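A.B. asks: Here is what each chain is made of, one letter per residue.
8 protein chains.
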Amino acid sequence: MTTRSRTRLVARPLAGLAIMAGTLGAASAVTSPAQAAPAENGRAAQAVVQTDVLSADAALTIADAAMKEAVKGKQRVTVVIVDRSGATRLVLKGDGAGPQTEESARRKAFTAVSFGRTTSELGKSVTGEGPTIADIPGTLFLGGGVPVASGGVLVAGIGVGGAPSGDIDEAIAQAGLKAVTGRLR
Amino acid sequence: MTTRSRTRLVARPLAGLAIMAGTLGAASAVTSPAQAAPAENGRAAQAVVQTDVLSADAALTIADAAMKEAVKGKQRVTVVIVDRSGATRLVLKGDGAGPQTEESARRKAFTAVSFGRTTSELGKSVTGEGPTIADIPGTLFLGGGVPVASGGVLVAGIGVGGAPSGDIDEAIAQAGLKAVTGRLR
Amino acid sequence: MTTRSRTRLVARPLAGLAIMAGTLGAASAVTSPAQAAPAENGRAAQAVVQTDVLSADAALTIADAAMKEAVKGKQRVTVVIVDRSGATRLVLKGDGAGPQTEESARRKAFTAVSFGRTTSELGKSVTGEGPTIADIPGTLFLGGGVPVASGGVLVAGIGVGGAPSGDIDEAIAQAGLKAVTGRLR
Amino acid sequence: MTTRSRTRLVARPLAGLAIMAGTLGAASAVTSPAQAAPAENGRAAQAVVQTDVLSADAALTIADAAMKEAVKGKQRVTVVIVDRSGATRLVLKGDGAGPQTEESARRKAFTAVSFGRTTSELGKSVTGEGPTIADIPGTLFLGGGVPVASGGVLVAGIGVGGAPSGDIDEAIAQAGLKAVTGRLR
Amino acid sequence: MTTRSRTRLVARPLAGLAIMAGTLGAASAVTSPAQAAPAENGRAAQAVVQTDVLSADAALTIADAAMKEAVKGKQRVTVVIVDRSGATRLVLKGDGAGPQTEESARRKAFTAVSFGRTTSELGKSVTGEGPTIADIPGTLFLGGGVPVASGGVLVAGIGVGGAPSGDIDEAIAQAGLKAVTGRLR
Amino acid sequence: MTTRSRTRLVARPLAGLAIMAGTLGAASAVTSPAQAAPAENGRAAQAVVQTDVLSADAALTIADAAMKEAVKGKQRVTVVIVDRSGATRLVLKGDGAGPQTEESARRKAFTAVSFGRTTSELGKSVTGEGPTIADIPGTLFLGGGVPVASGGVLVAGIGVGGAPSGDIDEAIAQAGLKAVTGRLR
Amino acid sequence: MTTRSRTRLVARPLAGLAIMAGTLGAASAVTSPAQAAPAENGRAAQAVVQTDVLSADAALTIADAAMKEAVKGKQRVTVVIVDRSGATRLVLKGDGAGPQTEESARRKAFTAVSFGRTTSELGKSVTGEGPTIADIPGTLFLGGGVPVASGGVLVAGIGVGGAPSGDIDEAIAQAGLKAVTGRLR
Amino acid sequence: MTTRSRTRLVARPLAGLAIMAGTLGAASAVTSPAQAAPAENGRAAQAVVQTDVLSADAALTIADAAMKEAVKGKQRVTVVIVDRSGATRLVLKGDGAGPQTEESARRKAFTAVSFGRTTSELGKSVTGEGPTIADIPGTLFLGGGVPVASGGVLVAGIGVGGAPSGDIDEAIAQAGLKAVTGRLR
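Chains as they are written, first to last, in this note's numbering: chain A, 1 to 185; chain B, 1001 to 1185; chain C, 2001 to 2185; chain D, 3001 to 3185; chain E, 4001 to 4185; chain F, 5001 to 5185; chain G, 6001 to 6185; chain H, 7001 to 7185.
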């Protein structure tokens, strides 16, 4: 039997991130973070966990809005959206976007959905000597990656690559996110 | 706003498979199939879709039961469970299992969760001249792959590799599935 | 100096395909095929060749129309569009689409843009003993791949994967193509 | 003929590590290290060497204990165990664990079983200018990797990824190790 | 209908780069940069965008000239040319060139065509703490990569690897570029 | 505590193969097969399992003998030895051996150590319509792969590639095996 | 000391191929085959073996001639040349060549230099049930691959892909080979 | 016609390295370097270039001597030898060598044969800010890589990985090299 009550499993969605904030520096946790909290009540309880996934329709809406923003600013970019499992939800390569933009956008999206923050915030933490989370395969800490959360739970990452600075890439990604914000919880 | 009513989106979960059965041969559809049906009601409706995911606890229970069955039969196997996004949920390599078992078990699990049937059933369809679904990357149509469904929706695939025949591999996978059946919808 | 006269290089766009048709079987060449014919007039003539590329806007239009067609038919599919260089133009994974659909859709798109025909037509040719073009890496000859041509020149391939038969996948891809036909030459 | 006396080949198991300690810094060698010492007595002696491998049962016990510890602390992590050959022994992705956790946990496990120390200790050494062992492919020097030794010989590495700090990941891995310590030599 | 007027889409070809220059440092933008500016005029306008691609003949001319320059200087190098989609246009491994030269030349070419500058210029920017564009997969910021532009639009990148310094590699690449300059717009 | 009695775990080493023989055809099981049988006695029993691994010295002896046999017959081959975990033990590319020989030899060795038989025997079984074990990644069923067993347990696979027929490749591999037979149990 | 007498090591260059011919069918060995025969005279003799490698200049000449032939016939192809170690010597993608042509040309070149025959001849042998050399990774047995020999020793393979039939691809490759025949021994 | 006079093409074998030395720092060029100098005399001259390749027999001798040295010092290492094309010549994994040793040894060998120096010398140069040759894929600049030259021409690289310091790895590689020094020119 699945636990499917209205009071869902997401009891303390921000706990994990709060600790992470401490680890990564003083940046405030503007985006609400992680997946449904793991069950604590033993094996008998349930065999499935409900997870929110960004819809294909919302992904198209985000990509369309982001690309319009890019075109308005004469930027040639690629937009990638990945879900919380890391699987591709959407890729849209803009007109004239460079060959490096697909992979850089993908990695920014992956990084944002992995750690629950924008890549620009996260990038401030991966400095100095010794190992950092930037050593984890598949990540990229340049600006342009933005997490998508619904009801305090991470559901996707948006990544944009191709503009001459990460700030511009991020603004384009945020324009995409804004187009669906009203339809998230 | 997420659509989160009790009457969920899974209106006709078997429709897709019924057609597939026609395509793939006379094999009966013993396992109920696919994901929540896609929304038809336009962009405004929702930005997230609820998806059931097999819990880590259930995955451990499946693997433990399957491995016990394998040991009882003196089989040296690997068990792999992947979720509906194709991501790894669990890998357990048994004592003495051959080096080919991890990848073969993974592909059987992937195939079962992709097409919503056991790989032994599916394998009967991939014969004859010309292209078949066996040409799709990541698949393997030897016996030993079993889909996991909850409430008529595919949530995972179990794959077992290493026994001297696909029938034995499948029996081991089924023993794993049986251990959680009561906890699925 | 670039040769940039109005009478472009595409002198005999169908010649190549006519021969291919002979090779691949009796299937008629419904889609006009290949790139600008190569220059014959020696080194001095030109350093660049003009190539038509499907616009990002058209790619979004195709994906949107194809996905609407899929939703209408309760199909859970992924749509991929690749350009004539093989690079990704667009990926859109539909709600509930299986984990195998991204790669199968990509390969169908790749195959269609490589050979200038639908994968269903091409699939009839890759039978019998001995080597066939189905041995070429990156290809897949299941139905669902449709080439896009403009002015007699191939510009992209659309691939759809996830429906229970290749015919349905192809119909979805054709619905996508239809949405931009009036804007192609 | 195999040399199979009771006085096994592991004559000076710690020698190698003692030197390594010198190389890597002042960190004490809390975990006993490497494989059976290589034979010195020429070709005639033996064709096989006995090697201890962590059992599948022990791997399940470790994963179960580690995941319970993670759930207790509201952490969403993946646990990976690799053997001394680098082959996967176990992967368990926890509920809500991010997409980066499988690979980061695997690399921590790989690093711990390669160098015979926790990744947190090792991480202190890979700083400063110039090449370090962090340049070796497959490694990751963030906290969360713990070696498993039996009778002074390395048999496996446990890696945990997903908690907001490496200290927490390592504590979870240590909880897993503790569950089998009494059954190691 | 394709927009195919003489006043092409390339309205402000240098705009993007101007911003990039600000981002990357004071280096002057000696090479004209990016692709046709994206359309701003909505969906109805066009389904294809015209793109200039370096011809095979020009690629051969570049490689021949570059290799002659290398031989003259007793350098053992590989020359790679990639187009703006990142696809290979030409690879020529010189006599006695080391095994690392193919991939290093390819990455220099890729980097130059991605960012529209020589890799030696770009290399000056990827220093200091924190993430840089050098973290983007497929790039290499050693000297020897030179972009090729036609009419203010990037069409290819030339990469040379194998000489004992990046300056020499770049001089060889520039000798190749010079051989076709008169035939570019 | 490790179970380390003299009566080792290898109770019925041939059981698995006997069944496999039935599956794969009438070929006799000339080589004794698989790893230590898995434990049946519950979690408390042990945390490590003893495994025999081919020594480096024996690997060198095998390679040297095989290469001498090849040279005697004017064959240009590569010899690869992999252990039961699938990890490389030895690669030796002979003078003038073709570029395809390393991978073909590796896959033959992998196949032999996975299934406990020569690849020439196994190759007779992978015929006819429908899926076979030849679909498992990493395998190759051309002659030239020979398993190595010690005390009824598989410890390695020897693969040879490059001779004009699989029979010759296998004879070379057998010459290598013969050089250490007296030193196996 | 290197053996560097005039009577080189290539004593019986055709022996190996003669046997291969028997294996692969009745096709005559039009191209002289393999590398310097391996040394038979023990360890003391030599540490290096002289090998002929196709020069970069010859590779350019071949590619130029092949591409001219292709342009003359209105074919859009890619030409790849690999040396006997399997390493890339040259890649030239023709104007309008499809995205599949680079890899198919590379594999044809690899196959021709691996087995010392044209891929069209070899393709006749890879039919019927059971394993064949077409299962070896990196190979492709469609027409268009031609071996290059010098003094009875294989030095390179030329592969052409993109024409509508393998016969045309092979004629283009042969035109390339013809351009250097007078300069081979 | 091949140029095959006694006065071979290697006119100024050290020239390239001399410049490299300047680039990389003050380290003396103890190992003689690069391949036959490229031809300068136009297309008609030759179609093949003679190249020295380390023999399989010499590779075995090197590996045997290196492994004996390792065993004597109780080191658990892997030895890899690659030729000047980057292709594998030999891999030998020692008893108890860690899973990271194969790839680290391979990269050291690759680096040494690419740049014509020991990796310990080269490692001193890859420090400081900005891009270095350590960014080139496939390289590793930890001690343990040693180039092999014959007659002033690079023929192979030896790489050793697994000892607790690069100095020890290099001493083992040098012991291997010493075993064939008398047989090189």
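Quick caveat, the hints were computed from the structure, so don't treat them as lab data. Since the structure is predicted, the reported quantities are computational estimates derived from the model, not experimental observations. Beta carbons: idealized from backbone N, C-alpha and C, even for Gly. Be aware that a few hints might be false.
Facing chain G, a subset of chain F residues (Cβ under 10 angstroms, in silico) [stated by the list, open to error]:
#, residue
1, Asp5095
2, Glu5103
3, Thr5119
4, Gly5123
5, Thr5127
6, Leu5142
7, Gly5166
8, Ala5171
A.B. asks: Decide, hint by hint, whether the structure agrees.
C.D. replies: Structure-based check of each hint:
no.: 1; hint: Asp5095; in the structure: holds, 4 angstroms
no.: 2; hint: Glu5103; in the structure: holds, 5 angstroms
no.: 3; hint: Thr5119; in the structure: holds, 8 angstroms
no.: 4; hint: Gly5123; in the structure: holds, 5 angstroms
no.: 5; hint: Thr5127; in the structure: holds, 4 angstroms
no.: 6; hint: Leu5142; in the structure: holds, 5 angstroms
no.: 7; hint: Gly5166; in the structure: holds, 9 angstroms
no.: 8; hint: Ala5171; in the structure: violated, 13 angstroms
Of the numbered hints listed earlier, the single one contradicted by the structure is hint 8.
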